[in-house]
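Two independent chains are provided; combine them into the complex using the hints.
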Amino acid sequence: MTAAGIATVARQEFRLRIRAGRWKGLLAVFFAVLLGFTVLLRGSLANVTDDDLPFTGTVLYGGLMLFVLGLALLVVPALAAQSVNGDRERGTLATLQVTRLSAAEITLGKFVAAWGTALVFLALTSPLVAYAMTQDGVPLGRVVVVTLVLALLLGTVCAVSLWLSSVLTRTTTSGVLAYLSVFAMTVGTLIVFGLVTAVTSETVDQTFRNDCSQAPPGSSCEEVVTFATTRARTDRTWWLLAPNPFVVLADAAPQLPQEEPARDGTEPGVRARDLDPLGQIGRLVRDLRVPPIEADDGGAVPGFEVEGAGQDDGAPVWPTGLAVNVALAAGALVLTARRLRTPTRQLPRGQRVA
Amino acid sequence: MVDVTRTGTGVVASGVRRTFGPVEAVRGIDLTARPGEVTALVGPNGAGKTTLLLVLATLLVPDAGQVRVAGWDPVTEPDEVRARMGWSPDVFGLYDNLTAREYLELFGEAYRLGRVRSRARAAELLEQTRLVEHADRPVHTMSRGQKQRLGMARALVHEPEVLLLDEPASGLDPRSRVELRELLREQARLGAAVVVSSHLLGDLEQVADRVVFVDGGATVGEHRIDELPAGTQLRPWRIRALDTDLLLGSLERHAYDVDGVTPAGVDVRLANDEAAAALLTGLVHDGVPVVSMQPVGGALEAAYLQLTEEDR
Ligand SMILES: Nc1ncnc2c1ncn2[C@@H]1O[C@H](COP(=O)(O)OP(=O)(O)O)[C@@H](O)[C@H]1O
Ligand SMILES: [Mg+2]
Chain A
1 MTAAGIATVA RQEFRLRIRA GRWKGLLAVF FAVLLGFTVL LRGSLANVTD
51 DDLPFTGTVL YGGLMLFVLG LALLVVPALA AQSVNGDRER GTLATLQVTR
101 LSAAEITLGK FVAAWGTALV FLALTSPLVA YAMTQDGVPL GRVVVVTLVL
151 ALLLGTVCAV SLWLSSVLTR TTTSGVLAYL SVFAMTVGTL IVFGLVTAVT
201 SETVDQTFRN DCSQAPPGSS CEEVVTFATT RARTDRTWWL LAPNPFVVLA
251 DAAPQLPQEE PARDGTEPGV RARDLDPLGQ IGRLVRDLRV PPIEADDGGA
301 VPGFEVEGAG QDDGAPVWPT GLAVNVALAA GALVLTARRL RTPTRQLPRG
351 QRVA
Chain B
1 MVDVTRTGTG VVASGVRRTF GPVEAVRGID LTARPGEVTA LVGPNGAGKT
51 TLLLVLATLL VPDAGQVRVA GWDPVTEPDE VRARMGWSPD VFGLYDNLTA
101 REYLELFGEA YRLGRVRSRA RAAELLEQTR LVEHADRPVH TMSRGQKQRL
151 GMARALVHEP EVLLLDEPAS GLDPRSRVEL RELLREQARL GAAVVVSSHL
201 LGDLEQVADR VVFVDGGATV GEHRIDELPA GTQLRPWRIR ALDTDLLLGS
251 LERHAYDVDG VTPAGVDVRL ANDEAAAALL TGLVHDGVPV VSMQPVGGAL
301 EAAYLQLTEE DR
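First to last, the sequence lines map onto chains A and B.
Residue numbering for the first sequence follows my numbering, beginning at 1 and increasing consecutively.
Residue numbering for the second sequence follows my numbering, beginning at 1 and increasing consecutively.
No wet-lab data here; the hints were simulated from the structure.
Even for Gly, the Cβ is constructed at its ideal location relative to N, Cα and C.
Take the hints with a grain of salt, since some may be wrong.
[Stated by the list, open to error] Anything over 12 Å on all C-beta distances counts as not near chain B; from chain A, calculated:
id	residue
1	N47
2	G141
3	V167
4	S201
5	E202
6	R283
7	D287
[As the list claims (entries may be wrong)] Computed footprint of chain B on chain A; a stretch qualifies when at least three of its residues, placed anywhere within it, have a C-beta under 8 Å from a C-beta of chain B:
id	segment
8	13-25
9	93-100
10	116-127
With the rest of the complex left out, here is chain B (with noise of 0.2 Å):
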């Protein structure tokens, strides 16, 4: 039986490593994901997001480190892990023959919720993922967003208190992309401990409370994200007005770089919030019919790029 002790600590990994072969994938990362908090992990391919979740999930042994996941080591007490710790692949499979519903309940019965419960767990899911309309019908004709969900509510079937999402925004259109923030803060709300890895970084910036970056697989940054470094680096804005030639023509004049002139508008880079001010101020004296002018990419974005930046 489960003991019901030594939850509600989310994650805590220091120091995780581990090697395959001759390839260190993750060579010290630490991360701390609280309950009813969303923790980004961001970082370049091959930056061992996924080996790290992986070992967060019970499934790979690390060479060294230390892990929580819910109060509980992984590697020597997994079941008890697995029975508060909800996973999402980044690439996994449905039973093609199976229906949504029956892909539910087959979990549920898996992860011992016995059968009357599963089924219940199963149409609640359904409606949460709003999968209700292809509940009866084989997974092999549901779309790959639809798949998606459907991968989403099975982590989420025996209610877990750590949540871990490799890539889940993946292939999904800009509807379920806000239905899955919603789902992910909703989560949060209810006490999970959210992990969630993604490239989509404007999404993050919208749904996470902190962010863990990762680099060549080690932690190389872990901040709240209302308190990302400001960047030192220049930051891509963008401008559009009703008349383009004469917003170009007075960049000009006050000696901007254009970066790029497109139809969403004219892209030109700033240091900072107060150099967007002072140029707003310039163009409005100059008469230029600004409609809007809005920092290209989130401070995410910005925070991301300059790590990696100075790793090149």
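Excised from the complex, chain A in its bound form (with noise of 0.2 Å):
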């Protein structure tokens, strides 16, 4: 495998992707759709309040982030879901494989072209990034991390319908999995996250100790009352949410500091940190790894949570979650260049070589 072997493969696809036209309108569009949701949000952030509300950036920057995921899931599997199989059906594929160019190289040169594809359309969110920076509360290293974590994501995405376009004959098969699958990792992991944790709820005794001294004689008062009670387990179930991508990037996205001090003329106590859709995602989902905390058993009110009293955040969850995104990637690479080597001894059904 060489590098030159990849850019040969990645030159050409980009190559045939420019002349094929339709990507300046495409780009035009998610530009546009994206400008006008900027401008959208940063009016409705005027409304809330008549004074201007402070760290405006922190919340335009968090809010676009979580947007332009949404849009590029939308986008993005078409980049890559007819690559192996349009060049087979159009007669394009066998005669490359023919070359010297090795599985591998061609693999990785699709892929290239692909991700390099999905990473123009991120890019063009920089002018609208740039503006959130100008106002409050977007450090630089956040928005470094989360272009990163962007990237990466899409770079799933791509691998993932990469190889469903390898594996499957017919590309309108291909580009409705590569669909589906991205649905499977944003809404899917959702509903299982949420089914699984309640089919795995527990049910554990509380006990409740009455003081029965106050009591009015004659009145029958139990000092020990003990009722059954269920309670789920997320800090068995959280990970299942970790690979959703939306939480990836927004768990990812570094926390702002806790003693932001406030602004002048601000009231006191406003922090960045609780206006901030990514740190909000975020918090909420390390809050889920949190063990419940265990009946005490000489305690007055044992088994009752106190909400947030006391406890820190969880341990993070994008590590996890990234490190799905990027394995499920790298398999999927794997397999499709094993799909593209040849010679091969198993041809799937229906399907010719050339």
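Listed below in structure tokens is the structure:
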């Protein structure tokens, strides 16, 4: 495998994409939608308070990034979902396979082209990000991390779509399945997490101690009351939610500092951290990892969790989620290269070599 | 790096078998193609020609059999084979939005010739296949014959010593077919082992040194083209005379069965060359103004018809 071989394939794919023409239109629409979103979000923020809301940049940037991810997930599957079987259909794959390009070079070349195109879409957001950064509360480090994570997540979508195009004969099938896989990662993880958490929630006995000394004489007062209650064990199921791209993105964004001093003229205590959409999602999923406080035998009110009180956030969720995504991408690429390796022993039904 | 030993041996395949699920596409094909020769692969549709060529072209693993292409094993040493083998499939696509030049340069790079060499090779091949005028126009504006020639140029990009061509002449106009024949001869003259499958037996007869007949997935005959087995069957001959009525009358008198009468002439079936000579003598003796008399279809067609007839 050589870089030159990968570059040969990637350059070719890029050239075809550029000449196919539709991309200019698609890029223009993509940017227009993002611009519209940013303008509306900025406008809505201006309406919240008479005075300018503090840390507009934080809200603007967080909202924009979540929106960009959602929009990109609608576009990116199409970039690779017909890459291999489309070539097969047009009769251009086999002629490439008999050259000295290896299966890995063809796979990575196609992947680089698709991912590169996805990054072009991502790059379109930069003027809007720059605008958000001129507002308050968008540290550069956060922009760097969020951009990197976004790029990796889109790479996963490209790799999985590419793999689908290599295993499925029909381009329409692979196109539909590429979108389904994005759906599975976003909505699917949420549904599975919810259902599994519900199914695995456990019943525990909770004990209440009454103080019967104050009770009117003759009334039946039991010293100890025990009743059963169910509680969710999200600390055991949080990982189901971890691969969700929105969760990964939000949680990976560095949390804004706790102690940020309030700006002059704003209510004391308003911090960028409290307004940050990314940070809020991040804290939400980290809380899932915190196990419930176990019943304390001698305690006065055992078994009752005190929401948030004295608890630290749980450990970050994004390392797990990002690792799953990167592993998925790597696996998809390995399997694609295996599919493209020739000579082949087995042919899928109804598929001709050339 | 490609090893330069073990080359110059052309193609040797023996006992090749390949099934697709329940279909036995190839069940025992032997084929030898020597350097400097054009070997024709001839057989009816579904005989397994394309499948065999896919095996030779490092795309399919055979279920059984010994295969060497340019001295290397296409299954275990595909890269060595690919460096020395050019393949043009029966149907192939071109990248519609590329120009012919870009297309050839792409494949030059894919064969690891490097930028500079790829560019030079593309220019040479465009010249050789008469595509210079179309060099910088998108491929989708080309005619079918031009596309076919471009596909041929692609197969030649890395100056292969083994050339595998699957029905390269289909859809070509007569002029292009003549040029294709010249191109094949030229490749053989330069030392390549050329394997070409085709249904255009007349063309093959003019270009091939040897012919391998396949039918039902197996080799049924392998001959030098100038040593084709004399057919035991009657072969059609076509006679043209200035006066067709006179010709028909004479044929009737000599009790020949007339196959058909067309503007191109009168067809009769004759056993061999001696019978043809005798007939011509008789016609001239009868005073028929004969303009021409020639066999319809060549020896190859006769042999082909005989082989496939036996099969029925
Ligand atoms: N990928 C495939 N799957 C199933 N059957 C195939 C496949 N390729 C070829 N065949 C069958 O194998 C036989 C030989 O086909 P082929 O090699 O294309 O013949 P030819 O090129 O001589 O016309 C045919 O019966 C064909 O239907
Ligand atoms: Mg065929």
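Going down the list of hints, with the structure as the test:
{"no.": "1", "hint": "N47", "result": "holds, 48 Å"}
{"no.": "2", "hint": "G141", "result": "holds, 41 Å"}
{"no.": "3", "hint": "V167", "result": "holds, 18 Å"}
{"no.": "4", "hint": "S201", "result": "holds, 50 Å"}
{"no.": "5", "hint": "E202", "result": "holds, 52 Å"}
{"no.": "6", "hint": "R283", "result": "holds, 49 Å"}
{"no.": "7", "hint": "D287", "result": "holds, 52 Å"}
{"no.": "8", "hint": "13-25", "result": "holds (count 4)"}
{"no.": "9", "hint": "93-100", "result": "holds (count 7)"}
{"no.": "10", "hint": "116-127", "result": "violated (count 0)"}
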